[in-house]
Amino acid sequence: MRYLRFTPRFILFGVMACALMAGPRFSLAQSVVEADKPAIGEKENSTEKQDDWDRLIYVPFKNIKDVFDKSDATIFMPYLEYLKLWSESAGLGKEGGIQFPVKAVVTSASYTGTVEENVARIQCELTIQVMGDPWVEVPLRFGDAAIGKVSSAKSKVFLRGTGKGSYSLLLSEKGAHQVQIELLTRVKNSPEGRSFQFVCPTVGITTLELTIPEADQTVKITPQLVRLPATSPPKSTLVKSTLGATNQISVLWYPRESTKPEMDLLASVENSTLVSIRDGLVHTQTSLKYDVLRGDLQTARIAVPLNDRILDLSSPNAKIKSWKVEKAADRQVISVEFLNKLQDGALIQVHTEKEIPDDPFEILGLTDSATHGIHALDVIRESGQIAIDPGESMTFSVTKMEGVTRSEAAGIPASIQRANAVYYRFFNPSAQLQISVQPLEPRIFVNQLTECFFGEDEIRLGAQLDYDIQRAGIFSFQLKVPEPLVIDSVNVAGLKEYNFDKQSRLLTISLLQKYQGKLKLHLRAHQDFTQGEQESKINVPLLEPTNIERETGQVAIYAPESMELIINNPDVVGAQPATNARRSQSGNMSLASLWDYNRRPVVIPVQIRIKPTRLIADVATSVDVKEQIAEVTTRISYQVQYAGIDTFRFAVPEAIADLIQIRSLSAAPAPSIKQKSRSEQAVDGWVTWTVTTQRNVQGPYILEVRYDITPGLLALKAKPAKEGDSAGEAEKADEKKKEKNEDDSGEVALKKISLQPVKVLGLEKSDDNKRSRDVPLSRVYGEISIQKSKTLSVSTSQLDEQLDPIDIRELKLLPQDGFLAYRYFTQPVILELASTRHKIQEVVETIILKSLVEVVVSKEGRSTYRCRYLMKSSERQQLKVALPEGMEPLSVTVAGQPVPLEKDEQGQGEKGWSTYFVNVARDQASDQAFLISLLFTKAVPRITDSPGGNLTLPLPRFGGTQAENVVVQQLRTAIWVPDQYALVSLSDEFEPENKPYLSGIIPKRGGSPIPGSHFDSWIGKTAGSLVDFPTEGRAFTYRRLGDSSEISVSWWKLSVLTWVLSGALVGIAIVMRNRCWQNKLTLLIFLVFILAMFSLTNANLVLNGVYAARFGILTMLGLWIIYSFSGHRKGMPASHPRTGSLDSKTDKAGSTAAVIPPPGIFDEFLDGQSDKK
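With mature numbering (1 follows the signal peptide of the UniProt record, and there is no 0) applied, the sequence shown corresponds to residues -29 to -1, 1 to 1144, in that order.
Where hints are given, some of them may not hold.
Listed below are the simulated SDA-like cross-link pairs for lysine to any residue, each with C-alpha atoms no more than 25 Å apart in a straight line [as the list claims (entries may be wrong)]: (1) Lys723 to Ser593; (2) Lys843 to Ile990; (3) Lys295 to Arg272; (4) Lys645 to Gln610; (5) Lys260 to Glu308; (6) Lys966 to Thr835; (7) Lys159 to Gly114; (8) Lys135 to Glu153.
Distance windows between CB atoms, simulated [what the hints assert, rightly or not]: (9) Leu466 to Phe796: 57 to 67 Å; (10) Asp739 to Lys783: 22 to 32 Å; (11) Val197 to Gln320: 27 to 37 Å; (12) Arg249 to Glu185: 17 to 27 Å.
Bear in mind the hints are in silico, worked out from the structure with no lab data behind them.
Even for Gly, the Cβ is constructed at its ideal location relative to N, Cα and C.
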């Protein structure tokens, strides 16, 4: 029974298992069947057979090859085949079907509407092609139109609302579907007519058929591509139209004939006229803007002046059917007919032209008897604006104006605005405006700056004319040239050519093109005059511009220093004195007079007077006395004033007349030397030299004269030879005397030198040269500077009275250096000198400016040296250096370049030292400092073997062990030791830099943890070695003046010393803990006194000892303070009196009882008394 109870369950389980197992098999079978089907079903094949005729395409078989060869050929095919090809190129879908781009397409939409009073009922028929699997959803939008019903004859369709005015149509099958939708929309009434609109889906083919229950209606459909013909039934209006792809349809209709009453036209016109004057004609462009106030505008009449030629008439916003011109007695009337009646108005543009009248003419005004300008007829009001553009080459003036006001460009229409136009407003066509037109004449303003340079034989003229050409341009202009003036050059921008007419004295300047604006003209000319004309009056030549409006100018007259110009103010016409000169100097000419003028004629007479030449000379003589020669350099500085000269004369002693060298020291533009000649015979022992320049010189001119005094003037101070001695014996005696003098005094006496400076002469008039004249020397000033070699001593044996000895700082013409200095004011002068030669004293070859030795002492017994020396040396090859024995070199550099270290095999040095050579060849000069760097290691005693000791570090020595020809100015040494060690003392010649110092009671430790690059800024150069220099521990720095071969220091191990000194102090503290404070302080004072006395000789050792004993000092003071407080408590009285205590007792009678002190209370006092005894 229990099994029977579960039997239905087993049966149900078996059925479900069979169903689940059969499901995959059934699906597999369906997939096989579908795979065997073609891509297009049998139903579609039957449809293709029925539509074969619709798919036929006629192909031009004759030229078919040519058609397919073209890249832009077009092929027509059915839409389903296109989708088929497209799907094949894109691939099959998931179920083996065609993968279409969309699932459904609305191929066409047909709307049939009927107007029922205020409602439009529209039957919408949509043709939808479904390609996707059911159900397919097609979105639709109808906006505010209401949907009455939805139906389809062959398939099931459902309409689902998705939002305001938007719907979704659900289709159940593939293929074509015809769906009918009834729409209802409201009809609106407006003054224009009745209308309705609705939103529709955008479809490629859209048609509309509308029936209006009213006859003779005008229907406007938007959009409307093609209006189809349709026959309207009686009492109705039927329209058919193809709309194309659109998303909204609007319909407006109204009766064909208006129901409004016929009324007369009532219109106003705004007249905008542009009058342009160009090309010899008057062009009139008028825009008539009609504003219809009542009625319809079908025609328009326009009045045009009788003499105007009508060029064009157009309308940008209305269609003109035709226009014609009718001539009347006083005007031309243009009749314009529009294609349609206009209710909103129109814009008519008229363009006319006429020749420019010679007399003034009117451009505005309309009366019954005359017409001026273009005006509208048959209107109730006309107002507007008129613009007059005279162009670039014409100008106008208003001769008559009535009913017209001037206006700004702000309120003028843009169509008639021009750059140079003048604007007027009128409010009645009867207004009058009369103008007169003339060619535009240029207005020329000239500002002339004339510079006249008076020379010896001519006047040079430079003129700058600044033209300001206004209103109109010019192609050429003219200048009137004075009679004797000759034009040299003309320079102006855009110059074509210039011509000068000698008869009319007119200079015509032609330009390449018409020019207007600022124009600058540069002109140069000259005027010759003879010697006789110089003494008479000469008018300043001035150029005169012609055909100008106004001229202003300035005349600057320049003259050389040699010429005086006299201008008498009463004789000057049209000019006034001025002060604002552009420049006061021009080359070697200075400003003599300055005049301003603003009207013509201008006459400035000038009288010329030539000044006599004034010649001044400064003579600077420099004598350089050497051992075998004396070099003399004389610089003659001439100052030529007033009138220029081209000849200079000076005299030299006859003995050196053929030895001198002459050259000019004046730089350009000073002239160079043309000729140098000497006189044939000497006069009083002097030979005259004449120097001629290429042109006249005015102002400073410098000549240099050089010559040498040969050793023939030098001799020994020897005693005269005795009679009877031979010449050879005398020479031997002289040599012995010379040797004796050199041995005894170290000096050799030379002969005296007699120096006569160059004598400057004036000029003399010569019969051969007519232009020569007498020019005396007005003033002469001379200076003599004596320079000597370092091995000589120069003195004066006898000084001329005309020579004044001065300090070298008083020299004006020569550099303020030398040995002796003199000056004189008259010539000639004689200076006798005596020179003595000294022995040469050798100097030190090498100076070490800064010496820096850095040593790192390690625990392993090795020390690393880095020695840097900043030095100056005259040695260019090798320097000797002594290094301690046992060293191992690591790097040697000279001026940053590595060099080898060469051992001196031949030298015999001291014990413990080795001598080497360092190559110091370099590109620098001998007076420039350079850096030598030595890096080596050396074995030293291990400092870890004992708690303290002495350490001696040898230092390198340049120049060998004896330091020959080498001087060290300052030495700085830095020693690095491990942190647990300290350098406490050193030799007396060194001074420590980082000393221990007191900071409160306990001193701070000496030394500092600094890196190896700390001293780079002091030495002034980088290390320059090729091997790094590592450091560890604390650095102790020492310095001294001069050199040292070694440095000796004492070192302590701080940990051991701290144990020893601190332990000793702690022992003393324990021993004296019960002593009185007098004994303790006495001990401390005594110890401080001993340390102070010892610090006078070695303060560094004392401070390091105190630093090592810092823990013992603190412990000692702490113990003494603790024991002091504990002993004080033991000596305090008890709170309860006891028998035999120190408290005072009183008996019954009130008397004080005897006080018995406790035993031992006076022990300290008794001990003190015994000590005193």
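Handout entry: Hints breached by this structure
Key = The structure conflicts with hints 10, 12, although it agrees with all the remaining ones.
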